[in-house]
Structures are given as C-alpha cells and as structure tokens.
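Could you put the whole structure together from the sequences, leaning on the hints where they help?
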Amino acid sequence: MPDSRTAVPAVTTIRLVYLARLREAFGRSDEDLALMASTPSVGVVLALLRARGGVWADELAPGRAVRVAVNHTVAAPDAALRNGDEMALLPPVTGG
Amino acid sequence: MPDSRTAVPAVTTIRLVYLARLREAFGRSDEDLALMASTPSVGVVLALLRARGGVWADELAPGRAVRVAVNHTVAAPDAALRNGDEMALLPPVTGG
Amino acid sequence: MPVRVQTADFDAGHEVSGLRGADARVGAVATFIGTVRDMNDASPVSAMTLEHYPGMTEKALTDIVEEARGRFSIIEALVIHRVGELRPTDQIVLVAVTSAHRGDAFDACRFIMDILKTRAPVWKKEATPAGSRWVDARITDDAAELRWKADTTPGKPD
Amino acid sequence: MPVRVQTADFDAGHEVSGLRGADARVGAVATFIGTVRDMNDASPVSAMTLEHYPGMTEKALTDIVEEARGRFSIIEALVIHRVGELRPTDQIVLVAVTSAHRGDAFDACRFIMDILKTRAPVWKKEATPAGSRWVDARITDDAAELRWKADTTPGKPD
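Heads up: the protein sequence lines correspond to chains A, B, C and D, in order.
Taking the working numbering, the leading residue of the first sequence gets 1, the next gets one more, and so forth.
Taking the working numbering, the leading residue of the second sequence gets 1001, the next gets one more, and so forth.
Taking the working numbering, the leading residue of the third sequence gets 2001, the next gets one more, and so forth.
Taking the working numbering, the leading residue of the fourth sequence gets 3001, the next gets one more, and so forth.
Simulated from the structure, these hints should not be mistaken for lab results.
Derived pair list, reagent style EDC-like, types lysine to aspartate or glutamate, alpha-carbon separation capped at 16 angstroms:
#: 1; chain 1: D; residue 1: Lys-3059; chain 2: A; residue 2: Glu-86
#: 2; chain 1: D; residue 1: Lys-3149; chain 2: D; residue 2: Glu-3067
#: 3; chain 1: D; residue 1: Lys-3125; chain 2: A; residue 2: Glu-24
#: 4; chain 1: C; residue 1: Lys-2125; chain 2: C; residue 2: Asp-2041
#: 5; chain 1: C; residue 1: Lys-2125; chain 2: B; residue 2: Glu-1024
#: 6; chain 1: C; residue 1: Lys-2059; chain 2: B; residue 2: Glu-1086
#: 7; chain 1: D; residue 1: Lys-3125; chain 2: D; residue 2: Glu-3085
Owing to the predicted nature of the structure, the values given are computational and were not obtained by experimental measurement.
This is the structure:
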C-alpha cells in the first residue's frame, strides 16, 4: 500500500464526449482521457486536444464557438476536472 | 308629392342598442329614436338621452367610460347619423 | 373564417391542427387559451355569463386579425370566443397563429389577445356569494393595449 | 415530469388538457409548437435529424423551466422536445404554460422557447438537394436570449 507521503503521480481519468458536427469531424463520439496534470482543468484538456493538430486544432481553435459542459453543466475554461468527470464539447445548439 | 324646395323637416330614425350594464340600468336592450335635428350626430343623441335625467343622466354623464358604436364601428361624438343607423352604447369591455 | 363567436366549447388541439393543415411553410404555432377562474378580485366565482354585441363582435375580431396580419408576418390566424353561461375551468377564448418563425407567431398571438381585451364588445357577469356583478375593466388591459399603440390607431373612447 | 425528450410525436391538445387538469386557478394557457418547415436558408429541406446530448438535454430543459418559475408567476409548465428523424410539417417542440393571468403565461412560454433555443444541447441536420448539412445557429436566437439577459446569468460560451 503506497504511503501518502510518497504519493504516485495523480492520474485523473475523464470521459470526453463529442456532439453533432464535432462528433463527425473527430470521427468518434467519445473517448477516455488520462490526465497527469496536477490541477487538470477544462482549459488544459482543450490545449491537449488542440495539440493533436489537424481537425482538432481547426475545430477547437480559440475563437471557434465551442461550448464545454462538465457533467451536463456548461463550464468555463478554468473549471477543475475530477476523476470520472464527463467533459462534452458542444457546437452552437440549433434545437427548438 | 313634396317639392324638394318646400321640404318637410328631415326626420332621422335610428336604432339605439344598450349593452350589458347599460341594458340593465336602462331596463331595455334597444329602442327606436326619431331625431328632428338638421345634422344629427352621436353627440346630439347622447345629449338627448342625458336629458331624460335619472339613470340616463347618471350613466351617460360626461367622463363616464361609455363607448359608442355606429353600425358596429366605434364612433366619436361628432360622427354623423343617417336614417336607419344602429347606435350602440357600450360599457368598458371585459371579454377574453 | 378566422373568427367565430359561439356558445359551444371548442377542441383547441383539433382547431390548431386544422389551422396548420399540411402547410410546410409553418415553423411556429403560438396558441392562447383563456379559461374561467374560480376566483376574481378576491371573490369566489361559481359561474359567469358572457354577453356580447352580435355583429360587432365578429367585425371587431376580424378587424383585429387583419391588423395583426398588417403588423406581423403570419400565415394563418384563428380566434374563437365563447359567449353564454360558463363555469370555472371552462374555456373562454382561443387565439392561434401560425407563421414561419416564432417571433411573429408569439407577437401576433399576444397582440390579438391584448387588443381583443380592450376592443371586442364582450362583457362578463360573475356569480359570487354576494350576488352577480359585472366585471370591472382592468387597468392592466388598457396598459397592455398601450404597449402596441405607438403605431396603431384603435377606436377612441367616447 | 415537466420535461420530456422523445422520438415519438405528441398530441398537443391532450398534453395541454393534462397540464390544465381541473385547476380552477388557471386563467391563461400559452402554448408554442415548433414544426419542421420544408425550406431553410433558401434551400428545400426534405427531412431532418435531431441529435441531442442525453442527460444534459433533460437537465438543461428542467433548469430553464425552474428559471421561468423564478421569473414569472406560473402554475404549471411542460416542455416536450422530439429527437430523431423528422419530416416537414412534423412537430419538433411543445412548450405549454398555465398561469392565473395571460401576461405571465405569454412571457414564460416565450422565455422558455428563447432560452431553450440557445441552451438545450440539440442539433439539427437537414437533408437538402445539395446533401445533408448541420444547421447554423441563428444570430436572431442569440438576440432573443439577450432580451432576457438583463437579470439572468445563462452559461457562458467557452
């Protein structure tokens, strides 16, 4: 059993969900992502995804109208992420 | 046959209609009225009705919220009346 | 006919379906139903009688619908106003409007109701424990009409 | 439940009757139905698919209804949003609100629709002669939401 004073690096695993146009652009509806960052946030994940380049960098470029929801609630870039959170990327909505 | 140059005094007969509270106050729903005035108008008829005194004077006192319609269209006091016109007295409406 | 005055009840769902028809230009349907409450001005109401001025009511409602057509981009509009004896929870009035977009449907539906409230020659007499009474016109109804008045010319009060 | 997301069609008349129930406090019922048009942005539309984010849609709609309850004096409210494959003239969304007086019913119904349009995680993909396309968010929808913003705090865009 690990001693708390010699903790292994914290791993935060979140589930990413891609909706509508983003689901089609990324070719997947969801994926799990393991984060090593000490204080994982929405902004950190967005930066990681942009770093994948190509369509990821295009669709998530700053200024693109993409909203983020964490556990079904709209969240700002500085929102913290906890293990097991569901972070969804939403294009502008067009229901109703 | 009367010669137009020696015309008999013009008689204008109108139908008066009383609605809702006014119908109950006046104890009648309608009546015919023969007017001798040379230029009969809504205002002339209102004055004639007020001159009856009692509930007529009360209900039609200047400042009371009574609307007049002539032939189903709201009319101002200076609106002219022609033979056969229907002039209705309407309390403030409360439908819908 | 986009306007009906009747003693019979109406089936709002059926009326709205008929108004929409199979018209695929319609993207928005706004509907209002007025119903009899069992309380008014702090008195219990057990029943009400709606009296109207036959002929003028139909004309006034038709004019209001035409005015709404002139102000808003609407496809169809329907007004049904009941008269006679009504009881709490009974339906009194239906206004339904179809349009391409929701703004026009909402605006026109509300416009028709607001103007109807101040111009349709209809009067309510309520049965209360203290006897029957003619309902007083609401100040708020005049205020609601005024909101639309900037660019219209409703009949002037005498 | 005042909020439902479903593929099945709905019977607006039946839903509104159920919402009113036998509640004699209700004096006003405002209803909005959104329907599929056969034309959008100058292209014919033969069908559309509505995709949503299960779980969040229900939560967003429930939050919007709660916000309406906080802002307006309403008795009951119902929102039904369909998802899946729809064709022109099909019903998409129903918003129905009951209240004592018409101002609150109209305001709350419109508020719910305006906010739903900008916050419910639902997306339309249209089938047109040029192929299928995701519908662009309307500037007018953002403007409609802004009308209500003075005293509310909707989720910020990222």
